[in-house]
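Engineer: Residues per chain are reported as follows:
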Amino acid sequence: MSTTDMQALAEQKYKYGFTTDIEMEAFPRGLNEDIIRMISAKKDEPDWMLQWRLKAYAAWLQMEEPNWAKLHHPPIDYQDLYYYAAPAKAQPKSLDEVDPELLKTYEKLGIPLHERAALAGVAVDAVFDSVSVATTFRETLSKAGVIFCPISEAVREHPELVREYLGSVVPVRDNYFAALNSAVFSDGSFVYIPKGVRCPMELSTYFRINAKNTGQFERTLIIADEAASVSYLEGCTAPMRDENQLHAAVVELVALDEAKIKYSTVQNWYPGDAEGKGGIYNFVTKRGACRGRNSKISWTQVETGSAITWKYPSCILQGDGSVGEFYSVAVTNNYQQADTGTKMIHLGKNTTSTIISKGISAGHSNNTYRGLVKISATASGARNFTQCDSLLIGDQCGAHTVPYIENRSISAKVEHEATTSKIAEDQLFYCRSRGLSQEDAVGLIVNGFCKDVLKELPMEFAVEAQKLLSVSLEGSVG
Amino acid sequence: MLEIKNLHARIGEKEILRGVNLVVPDGEIHAIMGPNGAGKSTLSYVLSGRDGYEVTEGEAIYDGQNILDLAPEDRAAAGIFLAFQYPVELPGVGNANFLRTALNAIRRKRGEEELDAVAFLKQARAAVKSLHMKEDFLKRNVNVGFSGGEKKRNEMLQMALLQPGLAILDETDSGLDIDALKIVADGVNALRGPKFSALVITHYQRLLDHIVPDVVHVLSAGRIVRSGPKELALELEAHGYAGLEAA
Numbered sequence: 001m002s003t004t005d006m007q008a009l010a011e012q013k014y015k016y017g018f019t020t021d022i023e024m025e026a027f028p029r030g031l032n033e034d035i036i037r038m039i040s041a042k043k044d045e046p047d048w049m050l051q052w053r054l055k056a057y058a059a060w061l062q063m064e065e066p067n068w069a070k071l072h073h074p075p076i077d078y079q080d081l082y083y084y085a086a087p088a089k090a091q092p093k094s095l096d097e098v099d100p101e102l103l104k105t106y107e108k109l110g111i112p113l114h115e116r117a118a119l120a121g122v123a124v125d126a127v128f129d130s131v132s133v134a135t136t137f138r139e140t141l142s143k144a145g146v147i148f149c150p151i152s153e154a155v156r157e158h159p160e161l162v163r164e165y166l167g168s169v170v171p172v173r174d175n176y177f178a179a180l181n182s183a184v185f186s187d188g189s190f191v192y193i194p195k196g197v198r199c200p201m202e203l204s205t206y207f208r209i210n211a212k213n214t215g216q217f218e219r220t221l222i223i224a225d226e227a228a229s230v231s232y233l234e235g236c237t238a239p240m241r242d243e244n245q246l247h248a249a250v251v252e253l254v255a256l257d258e259a260k261i262k263y264s265t266v267q268n269w270y271p272g273d274a275e276g277k278g279g280i281y282n283f284v285t286k287r288g289a290c291r292g293r294n295s296k297i298s299w300t301q302v303e304t305g306s307a308i309t310w311k312y313p314s315c316i317l318q319g320d321g322s323v324g325e326f327y328s329v330a331v332t333n334n335y336q337q338a339d340t341g342t343k344m345i346h347l348g349k350n351t352t353s354t355i356i357s358k359g360i361s362a363g364h365s366n367n368t369y370r371g372l373v374k375i376s377a378t379a380s381g382a383r384n385f386t387q388c389d390s391l392l393i394g395d396q397c398g399a400h401t402v403p404y405i406e407n408r409s410i411s412a413k414v415e416h417e418a419t420t421s422k423i424a425e426d427q428l429f430y431c432r433s434r435g436l437s438q439e440d441a442v443g444l445i446v447n448g449f450c451k452d453v454l455k456e457l458p459m460e461f462a463v464e465a466q467k468l469l470s471v472s473l474e475g476s477v478g
Numbered sequence: 001m002l003e004i005k006n007l008h009a010r011i012g013e014k015e016i017l018r019g020v021n022l023v024v025p026d027g028e029i030h031a032i033m034g035p036n037g038a039g040k041s042t043l044s045y046v047l048s049g050r051d052g053y054e055v056t057e058g059e060a061i062y063d064g065q066n067i068l069d070l071a072p073e074d075r076a077a078a079g080i081f082l083a084f085q086y087p088v089e090l091p092g093v094g095n096a097n098f099l100r101t102a103l104n105a106i107r108r109k110r111g112e113e114e115l116d117a118v119a120f121l122k123q124a125r126a127a128v129k130s131l132h133m134k135e136d137f138l139k140r141n142v143n144v145g146f147s148g149g150e151k152k153r154n155e156m157l158q159m160a161l162l163q164p165g166l167a168i169l170d171e172t173d174s175g176l177d178i179d180a181l182k183i184v185a186d187g188v189n190a191l192r193g194p195k196f197s198a199l200v201i202t203h204y205q206r207l208l209d210h211i212v213p214d215v216v217h218v219l220s221a222g223r224i225v226r227s228g229p230k231e232l233a234l235e236l237e238a239h240g241y242a243g244l245e246a247a
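Going down the list, the sequences are from chains A and B.
In terms of our numbering, the first sequence has 427 at position 427, counting the first letter as 1, and numbering is strictly consecutive.
In terms of our numbering, the second sequence has 147 at position 147, counting the first letter as 1, and numbering is strictly consecutive.
For the record, the hints were derived by calculation from the structure and aren't laboratory data.
One or more hints might be untrue.
[What the hints assert, rightly or not] Dumping the calculated PhoX-like pairs for lysine-lysine here, alpha-carbon to alpha-carbon at most 20 Å:
1. B:K134 / B:K122
2. B:K139 / A:K455
3. B:K139 / A:K451
4. A:K349 / A:K413
5. A:K15 / A:K467
6. A:K349 / A:K374
The model shown is predicted, which means the values in this text are computed figures rather than measured ones.
With the hints as extra help, turn the sequences into a complete structure.
Structural biologist: Here it is in structure tokens:
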């Protein structure tokens, strides 16, 4: 291989690592009540929202960082971060007013924001550092009665919905990072699908961290009213930097009677370099409540980025006959650490949950599946099926499976299967003897291993996710 | 043409091939027979580039280049195909996807245009039909849950699509019933022509009733100890390998 080829390959590893040079406005470093008041004022929030934030901040001050996960990192100095950073130019009213520099950024990320160039059938909310910079296809959606807007706008325009549901799935005091997010969240997406409406497009939020030393604290709230359905996808990238950056998001989903929410994530935050320097600390709380009978919430995640991932998208299966699903692929390479899984809390009768988790570890990385299946006494006839498979590449990495099962119902049925395997030398040789390069062979084998999860992704993103898996593991063998 | 000159190879400290000399001209099929432990499988792995075998001396020239310097995938692109004794399972990887990825990787290396899904499927379906296989073969995962016979057929399907210049069949007949044996033979015979040559490695004579070789070689203790016409195989069947080491 020539030097230029090698260079191209190395650069391909994280192709979203560029920075956007744009005039930014940021609040002073550090966190205190004044900063929270400034964020709230900046967003023109009603007083109830500010009080909610301050209550969360007071709670956070009393709490401690959780330390039960299999993760190691130097202490995070919360007073050294910026909690708000946004492009300096006034908030655009329409797509035509969006700063061309930002449009270019999203173009480079493969997310064109001009509707004529956009992916057909996908509406995008683009969040840049602390603010939403554009939301596409709003008119098309509003004709169907669907609300899709930045959450800061929803606080002002749809307070009755936000007040009813915000914090109803992930309470302010739920955990350290959720409390922090509740105090300082700056933007994120809000979705409301009215009764009986099947959302006519895929909805998608694209999160981009750009500013240095800035934490991103986004908040997403999705409500599917009775018999409504929606498919939502989020993507995430960040520039390559030597310092770690904090991302602490909260996502809440609410599904009423017969409603369906499908939430897919392709997480590709900057993972740090080959020596483990830099990368995003990703501490995220995601939870969905199946409040109504026969409702369904399905989480699909492809996690390839971040130096640290701490994330457990969960379902509270309250409505009788409700269904929770969790499909996950988590890839760690070099010095990445992932502690991820799900919680399925069965409360209603005849509730069912499915967990398919595929962990792939390479390099010196550590990859942990941590999951809870809890079946309460009220959940007669509940069923769960869990499958956790780990694939090891090389002999310096670790894969760990920590399943917790609590069952208080005699009529419940819980199944758990787990496997750990290595990419066998004979599999690689077999592929190579058929003409595939080492890297293509690893990509093919890994994609085969993840097939049960990848097939759950919306079509448009499945191909992208497959490529991402191969790129994330480049150089991991041989 | 394949020309193996004084090939020595070892696994760890153990020398397995001790000076193999062999010439297979284009258009010919040569059989390699020999007792267990003679180095038959080692020869096929060394020629196709498996890790763990160290070549200490000698060379193997195919179409003018020493293939021992090439990565396995580059040997495949040069036209060498190894039919495995134990084909490997690839869970979750569809057979059609695998075949198309392989075919296009080789085409790319040869500077040929890649086949799109439609053109590929047309070729693949024709190959499946000519090998009397069911079409669901293409939809199943590579070798997963295949019977021994199905795995060998799948090797033949790959060979038919990749169109190698030199096929190495490593005891492809082991564990096969007579019907499956015929399919393997048909697969090889279908490719026969002035540009195709094959090294058929086998322990038994019976495969050679169906793939009639031009030359039979006997490999024993890491060397070719005898070469002769196809009748040599019958002689070996009748008298065994005993006494050959001394020859």
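Engineer: Against each hint, give a clear statement of whether it holds in the structure.
Structural biologist: Consistency of the hints with the structure:
no., hint, verdict
1, B:K134 / B:K122, "holds (15 Å)"
2, B:K139 / A:K455, "holds (15 Å)"
3, B:K139 / A:K451, "holds (14 Å)"
4, A:K349 / A:K413, "holds (12 Å)"
5, A:K15 / A:K467, "holds (12 Å)"
6, A:K349 / A:K374, "holds (13 Å)"
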